[in-house]
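Given the structure of chain A, go ahead and fit chains B and C onto it with the hints provided.
Spelled out from the first residue to the last, the chains are:
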Amino acid sequence: MSLDTATVRRVASLARLRVEEADLPRLETELNGILGWIEQLQAADTQGVEPMAGGGAEKLRLREDRVTDGGIQQQVLANAPDRADVFFSVPKVVE
Amino acid sequence: MSSYTLEGSTGTWEVVIGLEVHAQVTSEAKLFSGAATTFGAEPNSQVSFIDAGFPGMLPVINGECVAQAVRTGLGLNAQVNLWSRFDRKNYFYADLPQGYQISQFAFPIIGTGQIEIQLADGSTKLIGITRLHLEQDAGKSLHDQHPTKSYIDLNRSGVALMEIVSEPDLRSPEEAGAYLTKLRQILRYLGTCDGNMEQGSLRADVNVSVRKAGEGFRTRCEVKNVNSIRFVMQSVEAEARRQIEVWEAGEEVVQETRLFDTTRGVTRSMRSKEDAHDYRYFPDPDLPPLVIEQAWVDQLKAALPELPDARRARYVGDFGLTPYDAHVLTLEKETAAFYETVARGRDPKVAANWLTGDFFAGLNRTGHSIGESPVTAAHLGELLDLIADSTLSGKLAKEVLEVMFETGKAPGILVEERGLKQVTDTGAIEAVIDQVMAANAGKVEEYRSGKDKLFGFFVGQTMKAMQGKGNPTLVNELLKTKLG
Amino acid sequence: MTAPTDYTLAGARAALARREISATELTTAHLDAVAALNPRLNAYITVTPEAALAQAAAADAALAKGEGRALTGIPLAIKDLFCTAGIRTTAASKILGDFKPPYESTVTSQLLRDGAVFLGKANLDEFAMGSSNESSAFGGVENPWKRQGDDSVLVPGGSSGGSAAAVAARLALGATATDTGGSIRQPAAFCGVVGIKPTYGRCSRFGIVAYASSLDQAGPVARTVEDCAILLGSMAGFDPKDSTSADRAVPDFAAAVARGVKGLRIGIPREYRVEGLSLEIDALWRQGMDWLKAEGATLVDISLPHTKYALPTYYIVAPAEASSNLARYDGVRFGIREEGADLKDLYERSRAAGFGPEVTRRILIGTYVLSAGYYDAYYVKAQQVRALIKRDFDQAWGQVDAILTPATPTAAFGRDETQDDPVAMYLNDVFTITANLAGIPGMSVPAGLDSKGLPLGLQILGRPFDEETVFAVGGAIERVAGFTATPSVRAAA
Numbered sequence: 001m002s003l004d005t006a007t008v009r010r011v012a013s014l015a016r017l018r019v020e021e022a023d024l025p026r027l028e029t030e031l032n033g034i035l036g037w038i039e040q041l042q043a044a045d046t047q048g049v050e051p052m053a054g055g056g057a058e059k060l061r062l063r064e065d066r067v068t069d070g071g072i073q074q075q076v077l078a079n080a081p082d083r084a085d086v087f088f089s090v091p092k093v094v095e
Numbered sequence: 001m002s003s004y005t006l007e008g009s010t011g012t013w014e015v016v017i018g019l020e021v022h023a024q025v026t027s028e029a030k031l032f033s034g035a036a037t038t039f040g041a042e043p044n045s046q047v048s049f050i051d052a053g054f055p056g057m058l059p060v061i062n063g064e065c066v067a068q069a070v071r072t073g074l075g076l077n078a079q080v081n082l083w084s085r086f087d088r089k090n091y092f093y094a095d096l097p098q099g100y101q102i103s104q105f106a107f108p109i110i111g112t113g114q115i116e117i118q119l120a121d122g123s124t125k126l127i128g129i130t131r132l133h134l135e136q137d138a139g140k141s142l143h144d145q146h147p148t149k150s151y152i153d154l155n156r157s158g159v160a161l162m163e164i165v166s167e168p169d170l171r172s173p174e175e176a177g178a179y180l181t182k183l184r185q186i187l188r189y190l191g192t193c194d195g196n197m198e199q200g201s202l203r204a205d206v207n208v209s210v211r212k213a214g215e216g217f218r219t220r221c222e223v224k225n226v227n228s229i230r231f232v233m234q235s236v237e238a239e240a241r242r243q244i245e246v247w248e249a250g251e252e253v254v255q256e257t258r259l260f261d262t263t264r265g266v267t268r269s270m271r272s273k274e275d276a277h278d279y280r281y282f283p284d285p286d287l288p289p290l291v292i293e294q295a296w297v298d299q300l301k302a303a304l305p306e307l308p309d310a311r312r313a314r315y316v317g318d319f320g321l322t323p324y325d326a327h328v329l330t331l332e333k334e335t336a337a338f339y340e341t342v343a344r345g346r347d348p349k350v351a352a353n354w355l356t357g358d359f360f361a362g363l364n365r366t367g368h369s370i371g372e373s374p375v376t377a378a379h380l381g382e383l384l385d386l387i388a389d390s391t392l393s394g395k396l397a398k399e400v401l402e403v404m405f406e407t408g409k410a411p412g413i414l415v416e417e418r419g420l421k422q423v424t425d426t427g428a429i430e431a432v433i434d435q436v437m438a439a440n441a442g443k444v445e446e447y448r449s450g451k452d453k454l455f456g457f458f459v460g461q462t463m464k465a466m467q468g469k470g471n472p473t474l475v476n477e478l479l480k481t482k483l484g
Numbered sequence: 001m002t003a004p005t006d007y008t009l010a011g012a013r014a015a016l017a018r019r020e021i022s023a024t025e026l027t028t029a030h031l032d033a034v035a036a037l038n039p040r041l042n043a044y045i046t047v048t049p050e051a052a053l054a055q056a057a058a059a060d061a062a063l064a065k066g067e068g069r070a071l072t073g074i075p076l077a078i079k080d081l082f083c084t085a086g087i088r089t090t091a092a093s094k095i096l097g098d099f100k101p102p103y104e105s106t107v108t109s110q111l112l113r114d115g116a117v118f119l120g121k122a123n124l125d126e127f128a129m130g131s132s133n134e135s136s137a138f139g140g141v142e143n144p145w146k147r148q149g150d151d152s153v154l155v156p157g158g159s160s161g162g163s164a165a166a167v168a169a170r171l172a173l174g175a176t177a178t179d180t181g182g183s184i185r186q187p188a189a190f191c192g193v194v195g196i197k198p199t200y201g202r203c204s205r206f207g208i209v210a211y212a213s214s215l216d217q218a219g220p221v222a223r224t225v226e227d228c229a230i231l232l233g234s235m236a237g238f239d240p241k242d243s244t245s246a247d248r249a250v251p252d253f254a255a256a257v258a259r260g261v262k263g264l265r266i267g268i269p270r271e272y273r274v275e276g277l278s279l280e281i282d283a284l285w286r287q288g289m290d291w292l293k294a295e296g297a298t299l300v301d302i303s304l305p306h307t308k309y310a311l312p313t314y315y316i317v318a319p320a321e322a323s324s325n326l327a328r329y330d331g332v333r334f335g336i337r338e339e340g341a342d343l344k345d346l347y348e349r350s351r352a353a354g355f356g357p358e359v360t361r362r363i364l365i366g367t368y369v370l371s372a373g374y375y376d377a378y379y380v381k382a383q384q385v386r387a388l389i390k391r392d393f394d395q396a397w398g399q400v401d402a403i404l405t406p407a408t409p410t411a412a413f414g415r416d417e418t419q420d421d422p423v424a425m426y427l428n429d430v431f432t433i434t435a436n437l438a439g440i441p442g443m444s445v446p447a448g449l450d451s452k453g454l455p456l457g458l459q460i461l462g463r464p465f466d467e468e469t470v471f472a473v474g475g476a477i478e479r480v481a482g483f484t485a486t487p488s489v490r491a492a493a
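Protein chains in written order, with my numbering: chain A, 1 to 95; chain B, 1 to 484; chain C, 1 to 493.
This is chain A alone, in the form it adopts within the complex (with noise of 0.2 angstroms):
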């Protein structure tokens, strides 16, 4: 499976990463290099056997339905690049 500058741009886009068109060839050389490596993965003869998601707990716990957070709106809002009064600001987004 090899990408083809096509997808790399459209990777590109689904991860909101803005790549010139000048650079498109080299990533797509990098990329293609790194999942040709990854490729011997394949060999791996994984039949039945059950993925593993993570490491850690094997089961959630369960936290209790109390109110011990929030009500930090100022310190929410102090690293914002841009904010209006008490809300976060954007460009306008059109639905």
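For the record, the hints were derived by calculation from the structure and aren't laboratory data.
Just so you know, nobody snuck in bad clues.
Straight-line Cα separation of at most 30 angstroms, DSS-like style, residue types lysine-lysine; simulated pairs:
| no. | chain 1 | residue 1 | chain 2 | residue 2 |
| --- | --- | --- | --- | --- |
| 1 | B | Lys89 | C | Lys390 |
| 2 | C | Lys100 | B | Lys89 |
| 3 | B | Lys140 | C | Lys94 |
Selected chain C positions facing chain B (in silico; Cβ < 10 angstroms):
| no. | residue |
| --- | --- |
| 4 | Pro101 |
| 5 | Gly207 |
| 6 | Ala212 |
| 7 | Ser245 |
| 8 | Ser323 |
| 9 | Ser324 |
| 10 | Arg328 |
| 11 | Lys344 |
| 12 | Ser371 |
| 13 | Ala372 |
These stretches of chain C come out as covered by chain A in the derived footprint (C-beta under 8 angstroms, 3 or more residues):
| no. | segment |
| --- | --- |
| 14 | 303–317 |
| 15 | 334–343 |
| 16 | 350–357 |
| 17 | 377–384 |
| 18 | 387–396 |
We put the CB at the ideal spot given by N, CA and C, even for glycine.
Chains B and C alone, transformed into the frame defined by chain A:
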């Protein structure tokens, strides 16, 4: 069974509908954070760093939200999965701070179930439930506050939602409306969602397709975020008509997400969803699987409140109500509770008649919901007692109820204050009858010579003279005796 | 008398308790060393002298009242991946801008609880993605070690290169670090210090900027095995704010260090004798085996057959999780923003301006392997192989109590020596990555020098939640190896 179809230029079309309902879970705190869920708070005041997607923040699940999902699953007669899992649904949006929504894509907590819906013609229909899963709500974008900017309020971000998906079993706007009505009713009975559609606690994505009789399914479109039962019904018809036009023009319906324009009554394509989405679901590595015990599920099941179907059956079976009255009285949990208070220790049918008749009329007239009724269930019950012990005639009681709506006072007090007490003193009634007979000696003669129809005249005159307070039975009896 | 910067952490603790030195003197000596050497080594991104001196003063007051705790007055470097309240936290990325977290990570708050002094935030590879520290947006870190007769700049390893270099050059008595594929153990080996990645779930991840959530684990870097044990004792522990945190008591790690290896069965995995393994590394490994045998352990030849798949598995799982974890850096709530024509443009410009090339590569790979049509072939396949790698270890624990391997395939290399080929860089983690995939503890201990005078490390792997045995084996190797070499760039004695 309804047989709803739409006529197009090429023939008759059937409509196929499935609903994805997002129901906000009733809980104090959010699904994965300890921030509050109260509606209408100051923007961004009910936000934790977890809800705002800050670096290094981690989700921890609220057990009550899990319990609520299980209760709902039980209420939908559905399979409860003891092992389920949270996945990340990845997409970028202004009100999605983490860049992904934590949801249950591959392994939902609730599997298949079914509910019965009631239709206007008295028929019922079983509608399949595909699944129910828990997920986080997104924040809110405000687009009308600034000419070139959208404002983001994350108060809702991270609030627990149940997404309840139906099978494509619905075939008409009426069925879609009845389904949502029934679902809302069940949620409200269970106390797992307040069902408040104006506040967005309950929203529906409506999947609509059309087909000719006997065909398989054609391409469907999803009308997003419809926030009232009426709009759900309208959007089904609008979208079905649009699709019929597309097919009949020889074109293809494109699978897409649309919005219902409530003012124009049409659906339109959603611009923000134009990108073909590739959500890249994968198991959330911050959350081990959700594993629950059957014993806990059994415990929750044992503690479930009576659900609308059971209550309706009880009203018909035990109380002898008509199926219609039973349906009306059980639609809202509050109404049923009110009714049961009124009916306790009294004739349940009389109670039902008063509730569905004059009491509902009074609510309508004064513009109150049952929750804010000026007439309490205890007061209405007291009114029925005053009828039963002949203190009030039915007619007087209706008048008293009207005053109760205006003043909120107990009927006993009103009867005292206004001297509305029914007269049962035979001597007093006889005295009035004597006066009436004396004043209408001619008519007395006519009656006695065989003109029986005049009896009603004497009843009317007597009651009028007593300002309606004479006990009707006694007035009748005494008149019969005196007139001979 | 020992120079304050030459103390071991345990030694400094004893000296503080005996009032031979004050916390303020100890901190000042370290701050002076940082001021002198950091401009060259670049081990710290941010130095916080005022806060450090205030903490030192508080430590002196506590010590005077006899209220010293496990780390009272001990100056540490904090990897700049741990959120520290009110102190800029960068993850060595431009994208976080001047982000000052309004909260403290659980690990660092436990260190503060125990009285530690924070000197500043240590450099790392951007978002902990890298094995050389060259991907830091704040410039690479220079390894304080030099090849004999060669002044060229070597990398400290990564991603915790700043932590390891700071500890090696005596710019801190110990440091926090994190390890996703070897990011504690590889730089520890390159810098001649000790580092342990504990069992997944042992340290809370709350407040640590996430790279790959199912693999990330915090741990300490220090100059001795005992110092690591002391630090881990403070850093570890159950945290209800992390759903993957293990609800287990924290053992007395320090007590395990001197336990010895008598009677222990030590596994030697034949699959780790990889192609291209340098003769010197191979010789060191054999030396390690001989030491342990001489100390009373039994060597057992074992097989971990899926080892060869570990790297490609990691380079699917880690980028996939990273692509999702790094979606929150979007220029809306914190960090830098590049204005754009619309929201999508703003996202794309902000993220392109904020992320460096290695992070960009991994986000793209991760996005691709999760995308429709490829998920099963890549991600599910990788998760299956991950299960097999874990199973290999589970089976090995039936035969052995710990496993001995080399820590890295080579000694520290020069800047830019492998940067052009991402895959060649990834191979650095060949020995360390299996521990992350299986979730088991792993330690790197300096055991010798190569022919050019650079430190080499041995790795000890242990059963899940059996860090004590790892400390026991590490302690034995440390004692027998008698590694006393010091880097050429270090605080003046």
